[in-house]
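Asks: Given next are the chains, with one letter for each unit.
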Amino acid sequence: MNGNKTVLSDDVTENKRLLNERMQGTEDLVMSDAFNGQGEALTVCYLEGLIDSRRLEQTLVLYMENKRLFPAFRTDSKLHSIEEVTDCLVSGMTVLLFTEPAYGVAIDTLGVQLRNVEEPPSEATVKGSRSGFTESLYNNLALIRFQFPAASLKVEFRKVGYLSKTTIAVLSVGGITNAEILGEVHRRIGEISEDAILGSNDIEEWITDNRGTMFPLIESTERPDRVVGALLDGRIAVLVQGTPFALLLPFVFLQAFQVSEDYSWNYYIGSAMRVLRLLSGLIGMLLPAFYVATVTFHHELVPTPLLQSIAAAKEPVPFPAVVESTAMMLAFEIMREAGIRMPKQVGQAVSIVGALILGQAAVQAGIVSPIMVIVAALTGICTFTLPPTMMNYVIRVLQFGMTFLASLLGYVGITVGIIMLLTYLASLRSFGVPYLGPVAPFDMSELTDVLVRRPSTSKNRRPSLFRAINLNRNRGKTR
Amino acid sequence: MERRITISNIQLMSLIAITSIGTSSLYAPATLARYAERNSWFLVLAGGAVGLLNLYVFLWLNRMYPDKNLIKICMHLLGPLVGGIVALGFIFYFLDITSWVLREFSQFFIIALNPIIPQNWYLIAGVVMCLYAVFHGLEVFARVTEIVFFITVATLLTIYLLLLNQYHPEYLFPVLEEGMIKPLSGLMISTSWFGDMMCVSMVLQHVRKTKRTMAYATWAIGITTILMLMSVLSCTMLFGAQTTETFTYPIVSLIQNIKLFRNIERFDAGLVAVWVMSSFIKITVYFWAAVQGLKDMLRIRKPRLFLIPLACGFFLCSKYKVWGLIELATFYDKQAWYFVSFQFFIPSLLLLIALMRRDSHKRRVSS
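Sequence order for the protein chains is A and B. First residue of the first sequence? That's 1 in this note's numbering, and the numbers climb one at a time after it. First residue of the second sequence? That's 1 in this note's numbering, and the numbers climb one at a time after it.
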């Protein structure tokens with residue numbers, strides 16, 4: 001069993017020396033000798049700061065009195081090698097080392113200050129659940145189990161990263177999740193050979209189908225309710241220790257326009273909001289391109305009164321439309337990035353600079369036309385309707401490409417761009433599921449389910465898109 | 001070993017419909033009106049009937065050889081020499097059609113949209129777009145075809161619907177005043193448009209066959225006929241047969257008659273989208289068919305290496321093929337037999353030979 005492991009010795013000082021050597025002589029390692037009630041010698045080892053000292057004290061007092069280690073046991077097997085001991089120490093356990101026979105016992109005493117459960121900042125809702133994930137994996141699992149207390153929910157732990165040994169959890173639902181996709185997830189996780197996994201994005205990049213694409217092929221969310229909804233659709237969730245984001249897979253393109261709040265509103269409202277997001281995604285991607293194409297090539301297609309006002313507004317501007325548009329959009333992106341990075345106290349400065357200088361003053365100085373400011377503002381706002389964890393950065397990048405094509409070939413360029421984009425999207429797959437599904441390959445009932453939020457009473461089938469095993473939602477009753 | 005490529009019935013239907021209506025419905029009314037005046041709808045129906053027959057020829061061939069495409073069937077039936085020559089003919093035809101459609105694609109923009117941008121730009125954009133799709137293969141562009149199909153059908157229907165209050169049904173009368181035979185003089189050209197779906201001969205082996213494959217294919221011809229009929233009828237009912245005849249792209253004039261809320265007009269942008277998308281599908285599928293044919297014929301291991309040289313070839317061919325739209329249209333009109341023979345006559349001949357060989361084989365087995 002222990003091929004190249006160092007076995008614990010019967011000598012206390014030798015054990016301490018081995019431990020110190022293995023841990024590079026780190027100075028936060030505490031090793032103190034003690035005796036229990038029976039007079040047996042033992043060494044208490046832990047990493048200072050990583051443990052909850054009150055919890056350790058209680059456990060130790062109980063142990064000294066009864067020689068029983070009943071509370072807070074995670075590993076009930078005994079430790080026999082230095083490596084096992086150090087692995088326990090770095091994950092926040094306290095190890096009691098005994099001699100004659102030489103073995104160690106680990107007690108879970110992890111005590112790290114973590115964030116409380118808060119409203120997820122990237123996926124805020126007006127109505128619906130307000131809890132979001134934190135950095136603690138077990139806490140996140142508890143949040144999911146709390147929302148979905150079903151015996152069929154299965155959690156599989158894996159350790160990845162040969163140095164960090166980060167714990168990740170793969171969640172699936174027995175009787176719903178397709179075993180083939182689950183097997184594929186495990187196979188891909190097994191291929192990870194990085195030294196340390198620092199966040200869910202590392203996992204995402206390793207297990208994605210296509211590493212060369214900027215489109216998200218795996219969804220990430222901060223919301224337990226979204227994870228539960230996805231699990232019930234036959235999808236798989238991957239949670240990573242230390243990251244408040246769960247990965248959901250497979251993921252198809254149109255899901256980027258869904259948010260979990262859709263299910264908290266009346267279904268007409270929910271559906272309308274979905275369509276609205278789709279529309280604003282399209283506007284966000286294409287509006288500057290349309291403006292550039294129209295102003296540069298297709299004046300005749302604009303109603304005359306509108307054309308007159310566009311021409312009057314554009315008259316003092318010395319740049320071609322494409323330069324104007326790219327500059328404005330770039331300015332917008334810079335302001336958005338600055339708004340995120342800036343300390344909150346100086347945040348107001350960005351809005352003042354943005355509104356007054358880049359908007360009004362630029363127009364008055366004749367650098368940009370007022371219509372361009374409207375176009376840039378509308379485009380920017382439209383992209384913000386999409387959940388930021390998914391598609392909206394991609395759409396912003398595409399915006400520039402489309403504008404470039406429009407400046408070369410007008411409407412033809414835009415259509416060519418759309419076609420190439422569609423071709424590209426059609427070539428993508430997420431864990432074997434076509435990325436453009438259910439539009440292409442076409443499936444009417446699935447498509448209505450994606451575009452429209454169905455009433456809960458008539459949602460009696462699971463989507464077949466993710467190859468769920470049991471498609472029937474309400475047991476026994478069919479209506 | 002290559003992974004088996006499969007496409008669905010709906011994708012097959014979209015492919016058939018888009019390759020036949022997508023481009024031709026834009027200028028069909030003018031050409032047909034030249035032959036049959038106000039009775040061009042009759043010509044469309046007749047063309048549709050022949051088109052259906054044409055489709056069944058391919059379906060039948062496919063049923064006899066379910067895992068062979070047209071090129072392989074040729075080689076199998078006629079032996080390596082004669083079959084090889086016929087197969088080469090087909091491949092040449094695929095290549096030729098690709099460059100025709102590419103030229104047609106760019107010509108439309110120069111005439112109907114914007115003469116400022118040089119033709120080369122349009123040609124390059126078209127070639128690059130299709131090259132990219134062929135690079136990704138049949139499965140991918142079949143999926144795009146589905147989306148294009150819905151967009152195209154919806155746009156065309158919207159155009160015809162918005163003009164509803166401007167139609168003059170009396171322009172259609174008298175019906176067939178010169179009998180049913182005379183208008184058929186334009187049957188060849190009408191057939192050649194429906195025959196553009198002959199690319200299915202290369203695609204059919206990849207369709208995931210179900211009981212309803214036949215029905216879907218038939219429906220595709222049905223949809224094509226209906227849409228073509230609508231385009232012809234609405235042009236005739238709006239302009240009358242004689243005016244329709246004078247237009248280059250009657251549907252562009254048709255769309256310019258749409259006016260919403262007094263000020264909103266010129267929906268040409270929608271037409272541009274339809275035209276680009278359908279031309280894209282048509283060029284891509286023939287490009288793909290040519291590459292596939294070359295691959296089977298010459299046993300090429302890595303057909304992807306041939307894509308870029310072929311694309312450059314298409315660009316040059318399209319550029320110097322004809323000097324302008326008039327020559328292009330005349331060729332389509334007068335030399336329709338060239339298209340129809342590859343679309344219909346030679347495949348029918350192949351089917352005939354296949355049937356005879358099967359009969360003689362059966363007789364040999366039974367005796």
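These are calculated hints, taken from the structure and not from any lab test. The beta carbon of each residue, even a glycine, is placed where N, CA and C say it ideally should be. It is possible that part of the hints are untrue.
As the list claims (entries may be wrong) - Partial chain B-side listing against chain A, Cβ under 8 Å, derived:
id, residue
1, I10
2, D268
3, I300
To be verified - For each label pair, taking beta carbons as the anchor points, the in silico distance ranges come out as:
id, chain 1, residue 1, chain 2, residue 2, range
4, B, C312, A, I340, 45 to 51 Å
5, B, C312, A, K127, 38 to 44 Å
6, A, R461, B, P80, 52 to 58 Å
7, B, R208, A, F319, 49 to 55 Å
8, A, M444, B, M356, 39 to 45 Å
9, B, R212, A, R130, 44 to 50 Å
10, A, V452, B, W337, 31 to 37 Å
11, A, V452, B, L172, 54 to 60 Å
12, A, V452, B, M356, 37 to 43 Å
Asks: Any CB of chain A closer than 8 Å to the CB of B:I300?
Replies: With a closest approach of 22 Å, the B:I300 hint is violated.
Asks: In this structure, is the beta-carbon distance linking A:M444 and B:M356 contained in 39 to 45 Å?
Replies: holds (44 Å)
Asks: Given the range 38 to 44 Å, decide if the beta-carbon distance of B:C312 to A:K127 lies inside it.
Replies: Given range 38 to 44 Å: violated, Cβ gap about 58 Å.
Asks: Given the range 52 to 58 Å, decide if the beta-carbon distance of A:R461 to B:P80 lies inside it.
Replies: holds (54 Å)
Asks: Can the suggested window of 44 to 50 Å be confirmed for the beta-carbon pair B:R212 and A:R130?
Replies: holds (49 Å)
Asks: Do the Cβ positions of A:V452 and B:W337 conform to the proposed distance bound of 31 to 37 Å?
Replies: The hinted range 31 to 37 Å is violated for A:V452 and B:W337, with Cβ atoms some 51 Å apart.
Asks: Holds or violated: is there a CB of chain A closer than 8 Å to the CB of B:D268?
Replies: Status holds, d = 6 Å.
Asks: With respect to the beta-carbon atoms only, verify the hint that B:C312 and A:I340 lie 45 to 51 Å apart.
Replies: Roughly 46 Å apart at Cβ, these two residues keep to the hinted range, so it holds.
Asks: Within 49 to 55 Å or not, the Cβ separation of B:R208 and A:F319?
Replies: Given about 53 Å between the Cβ atoms, the range holds.
Asks: Is it true that A:V452 and B:M356 lie within 37 to 43 Å of each other by Cβ?
Replies: violated (55 Å)
Asks: Under 8 Å, Cβ to Cβ, is where B:I10 needs to be relative to chain A, so tell me if that hint holds or is violated.
Replies: holds (5 Å)
Asks: A range of 54 to 60 Å was offered for this pair. Does it hold for the Cβ distance of A:V452 and B:L172?
Replies: violated (41 Å)
The structure does not agree with the numbered hints 3, 5, 10, 11, 12 stated previously, though it agrees with the rest.
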